[in-house]
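Start from chain A and add chain B according to the hints.
Chains A and B are the protein sequences, given in the same order.
Heads up: the first sequence begins at 45 in my numbering, then just goes up one per residue.
Heads up: the second sequence begins at 45 in my numbering, then just goes up one per residue.
One or more hints might be untrue.
A pair holds if it fits inside one copy or across any two, identical chains being indistinguishable in the list.
As the list claims (entries may be wrong) - With a Cα cut of at most 30 Å, we get these calculated DSS-like pairs of lysine-lysine:
no.	residue 1	residue 2
1	K86	K317
2	K130	K46
3	K119	K421
4	K119	K130
5	K156	K46
6	K437	K416
7	K119	K306
8	K283	K127
9	K416	K155
10	K283	K416
11	K437	K317
12	K46	K155
13	K130	K421
14	K156	K323
The set of hints was computed from the structure by calculation and includes no laboratory data.
There are 2 protein chains.
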Amino acid sequence: MKEKALEGIRVLDLSRVLAGPHCAAILSDLGAEVIKIEEPEKGDESRSLRTFSNGESAYYMNFNRGKKGITMNLKTGRELFLKLVKEADILVENFRPGVMDRLSLGYETLKKYNEGLIYVAISGYGQTGANSQLPGYDPIAQAMSGICSVTGWADSEPARCGAPIADILAGINGAVGALAALNYRNRTGKGQMIDISLVDVSVSALASLNQVYLSENRVPPRQGNGTEAAAPGGSCHGKDGTVIFAAGNDRLWPRLAAIMEKPDLAEDPRYAKNAERVKHRKELELLIDEWAKNFSAEEIVEKMRSAGIPAGSVYTIDQVVNDTNISRERNMFVPIHHPAAGEVRITNNPIKMSLTQPEVQGSSPVLGQDNKEIYSKVLKISEEEIGILQDNKII
Amino acid sequence: MKEKALEGIRVLDLSRVLAGPHCAAILSDLGAEVIKIEEPEKGDESRSLRTFSNGESAYYMNFNRGKKGITMNLKTGRELFLKLVKEADILVENFRPGVMDRLSLGYETLKKYNEGLIYVAISGYGQTGANSQLPGYDPIAQAMSGICSVTGWADSEPARCGAPIADILAGINGAVGALAALNYRNRTGKGQMIDISLVDVSVSALASLNQVYLSENRVPPRQGNGTEAAAPGGSCHGKDGTVIFAAGNDRLWPRLAAIMEKPDLAEDPRYAKNAERVKHRKELELLIDEWAKNFSAEEIVEKMRSAGIPAGSVYTIDQVVNDTNISRERNMFVPIHHPAAGEVRITNNPIKMSLTQPEVQGSSPVLGQDNKEIYSKVLKISEEEIGILQDNKII
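Excised from the complex, chain A in its bound form:
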């Protein structure tokens, strides 16, 4: 096995469902030892979230791959937890702000036990501000950040992005913060607290659209699959599916007119210049669809690409999973062997590194599966004591 970038780094993962678990899964893929700490008997609520493989939540499996799993009641097990904190480098949690403080386990407390601890807190609205106590929820962060306002068409309903993008962005930004903090700790020995909000990361992803208002005082509209500034572009419709393309500049448009076998269109005063094409956008779309309906989506893509026009099919998820390029050449889906569910394929980490390739380190844990290893080997607790902790439901 190749070396890993985060070898020797230990992460405590107290988080649940998506954003926090995704952050810790990235750190696991990069080679950290991630110990997921769950409530005895119950565990992370996403253990019962769709989708299932052989009765086990494959949702949980994906976001908790490659982690060790222990159980611990953070109230009655507080002393145990503090011992574990002394042995850790990074902690990830996504409780509502204040929960860890009320357990007397907030960052200010933990850093007394481990000055080098890097504490990543992910929440809906951040640790500060008037909204901090509201529950975090991906579709609502998408709404409040403005993502929904610019997704879909101007003459219909605002839509959320079908991917849980606020959660995903929060997880990755948490990883950026943790890794930057690790770099600082390498120089200084000091840990710190990192505060990530679902709304903030979503606002940040809209920077180019925010700028329309910040610089021009204009509210960017929903533009469907095209762009305000150029035409034609966006979607066209083949016999069996939708294609997204961009032929909105004066160099690409004549090429499209040529493959449509209507080269005259490129000279037509209504369409010759982009400024005019933008005004006659709807007519152009109809003309292109009239041509496109004779071909399959893949044929349209091939024709456009041959002419140097950027184009791609709107793949459904089955097409993505079965695509040779994505699946085989880029290795985006990998098997794990789950103790209960058997072999399950999950989505791979997208980062490729030449020396320390990120890899899914193994299955997600069965609830409490690594209690013995962590409590006896890391915390040096005797088997007898472990039995007592179990009997008292502390672990």
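Only chain B this time, still in chain A's reference frame:
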């Protein structure tokens, strides 16, 4: 000024437009010295991309904040570039794969000059595979990764996410790779190459939806703003705007029925259990809209939140920028002072760190503004020689 996580790290940014510049901007916010290298006289093509502030591209300003700017022709200035590579820690580029090799500046060449160099290459489809030579373009990556297939409503057109999410995710994943590689280099002295693709990062963001097909062999549909598994939830429509909410479990739904002043609905056999509510989803939506239309979006949100129901308004970008929580309490928009455009507000980095707070380090550069500093101070080139380089359009 506070310390920064990446103090002492030097980044060469050869990238253009969005994904690469975003990656390097994150490293700048974290405290790295980022030197953006642009083609003499032309510069990054996004210098002419909308949106504008006082005639300068604010798009460029946002994604290139806090960078130094130099000009260099990579063909005629190859030797100069190699000298600079020796002084660098990280390089970011988003050329089409093969461009740097054809300049004899590919990673395998550069590492002979600097073994510790971390080389981040961002492209549409990755450095390997049959699609590598296709142009990268955010909406097409959204299409080919499956994002469009799950965005919008099942009975209408697939939509892209209004944020350029493939580009944004590529930039952040590039930063994760660079920071993980930096951690590895701290232990070993070795740099490496990082390969990020717009399609891969988008596929990765869909993990929870990919799993529906990977585990259940079912293609996840477009679900609008709701979810397949629970009702009611998604959007409802107030007098002046749309609200996104989630009241799909058996605990929250009776609370919604209560604030609608129709507590009987919670007992109605058509709506009492989630399994039934999902079947009668459309009826429920109409009932909720019938109630919602009497109130403003903010009133609906307030009523729902008071009842413990997660809810938020679909903010337009002006509402986001003017929101006290996002703008002031979370400080998501910050001013830069651009030499030509004057004061312009841009979108802040969303990561908050207690010791090494990421900060926008200053304005974007005017083309070639730091030639003198970098060529004379870093590369020790005399003023006379710099003049000759300029005369020959090498810089």
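Tested hints:
Within a single copy, K86 and K317 get their C-alpha atoms only as close as 63 Å, which misses the 30 Å cut-off; across copies the closest is 23 Å, which meets it. When the C-alpha separation of K130 and K46 is checked against a cutoff of 30 Å, the pair qualifies both within a copy, at 28 Å, and between copies, at 27 Å. For the identical chains of this complex, K119 and K421 are intra-copy neighbours only, at 23 Å inside a copy versus 58 Å across copies, given an alpha-carbon limit of 30 Å. Proximity of K119 and K130 under a CA criterion of 30 Å is satisfied intra-copy only: 18 Å inside one chain copy versus 53 Å between copies.
Taking the closest pair of Cα atoms, K156 and K46 come within 30 Å of each other only across two copies (22 Å); inside a single copy the shortest separation is 36 Å, beyond that limit. In this assembly of identical chains, K437 and K416 lie within 30 Å of each other by CA distance solely inside one copy; the values are 15 Å within and 67 Å between copies. Taking the shortest alpha-carbon separations for K119 and K306, neither the intra-copy value of 73 Å nor the inter-copy value of 40 Å comes in at or below 30 Å. Proximity of K283 to K127 under the C-alpha cut-off of 30 Å is found in neither arrangement, the shortest distances being 63 Å within a copy and 55 Å between copies.
Proximity of K416 and K155 under a CA criterion of 30 Å is satisfied intra-copy only: 26 Å inside one chain copy versus 45 Å between copies. With identical chains, the CA atoms of K283 and K416 are never at most 30 Å apart, being 59 Å at best within one copy and 58 Å at best between copies. Taking the shortest alpha-carbon separations for K437 and K317, neither the intra-copy value of 73 Å nor the inter-copy value of 33 Å comes in at or below 30 Å. For the homomeric pair K46 and K155, the shortest alpha-carbon distance between copies (20 Å) is at most 30 Å, but the shortest distance inside one copy (33 Å) is not.
Taking the closest pair of Cα atoms, K130 and K421 come within 30 Å of each other only inside a single copy of the chain (14 Å); across copies the shortest separation is 45 Å, beyond that limit. Proximity of K156 and K323 under a CA criterion of 30 Å is satisfied in neither setting, with 64 Å inside one chain copy and 53 Å between copies.
Checked against the numbered hints above, the structure breaks hints 7, 8, 10, 11 and 14 and satisfies the rest.
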